[in-house]
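Visitor: Sequence:
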Amino acid sequence: MKCLWCESEKAEQKGLTGYWELPDGSRSVEITVIPSVSCSSCGMEYQEDHIIDEIEDQLMLIDTKKIESSISYSDLMSIPRFLKKNYFKI
Numbered sequence: 128m129k130c131l132w133c134e135s136e137k138a139e140q141k142g143l144t145g146y147w148e149l150p151d152g153s154r155s156v157e158i159t160v161i162p163s164v165s166c167s168s169c170g171m172e173y174q175e176d177h178i179i180d181e182i183e184d185q186l187m188l189i190d191t192k193k194i195e196s197s198i199s200y201s202d203l204m205s206i207p208r209f210l211k212k213n214y215f216k217i
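Quick note on the working numbering: the sequence shown kicks off at 128 and runs consecutively.
FYI, nobody ran anything at the bench for these hints, they're computed from the structure. Please note that the accuracy of each hint is not assured.
[Said to hold, decoys possible] With beta-carbon atoms standing in for the labels, derived distance ranges:
1) Glu139 - Ile179: 36 to 44 Å
2) Phe209 - Ser135: 38 to 46 Å
3) Trp132 - Val160: 20 to 28 Å
4) Met171 - Pro207: 12 to 20 Å
5) Ile206 - Ser135: 33 to 41 Å
6) Asp190 - Glu136: 39 to 47 Å
7) Met171 - Glu148: 17 to 25 Å
Quick reminder that beta carbons are idealized off the backbone N, C-alpha and C, glycines included.
All chains should be built: construct the whole structure from the sequences, respecting the hints.
Guide: Below you can see the structure in the form of structure tokens.
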């Protein structure tokens with residue numbers, strides 16, 4: 128896999144932890160085992176844009192009051208949505 132930062136071919140997929148502020152700004156949550164990229168050449172660890180979009184859409188479309196302070200990516204993505212898609216996204 129190619130690193131988007133240094134363009135090395137030594138990047139690999141990993142499940143990493145990240146922190147997201149809820150859309151209403153009330154608090155942040157820890158999301159574990161997020162599909163991420165880790166590069167051994169430059170040390171950068173990041174989530175690709177489509178994963179960030181999936182998380183942000185999901186947080187916009189679910190009842191975030193039911194989320195504990197820490198949740199896994201797969202558990203977050205399995206929470207039923209109020210709407211089928213994010214109609215607020217341009």
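Visitor: Work down the list of hints and note, for each, if the structure agrees.
Guide: Outcome of the hint check:
no. : hint                        : verdict
1   : Glu139 - Ile179: 36 to 44 Å : violated (19 Å)
2   : Phe209 - Ser135: 38 to 46 Å : holds (41 Å)
3   : Trp132 - Val160: 20 to 28 Å : holds (22 Å)
4   : Met171 - Pro207: 12 to 20 Å : violated (34 Å)
5   : Ile206 - Ser135: 33 to 41 Å : holds (36 Å)
6   : Asp190 - Glu136: 39 to 47 Å : holds (42 Å)
7   : Met171 - Glu148: 17 to 25 Å : holds (22 Å)
In summary, the structure is inconsistent with hints 1, 4 from the numbered list given earlier, while agreeing with the others.
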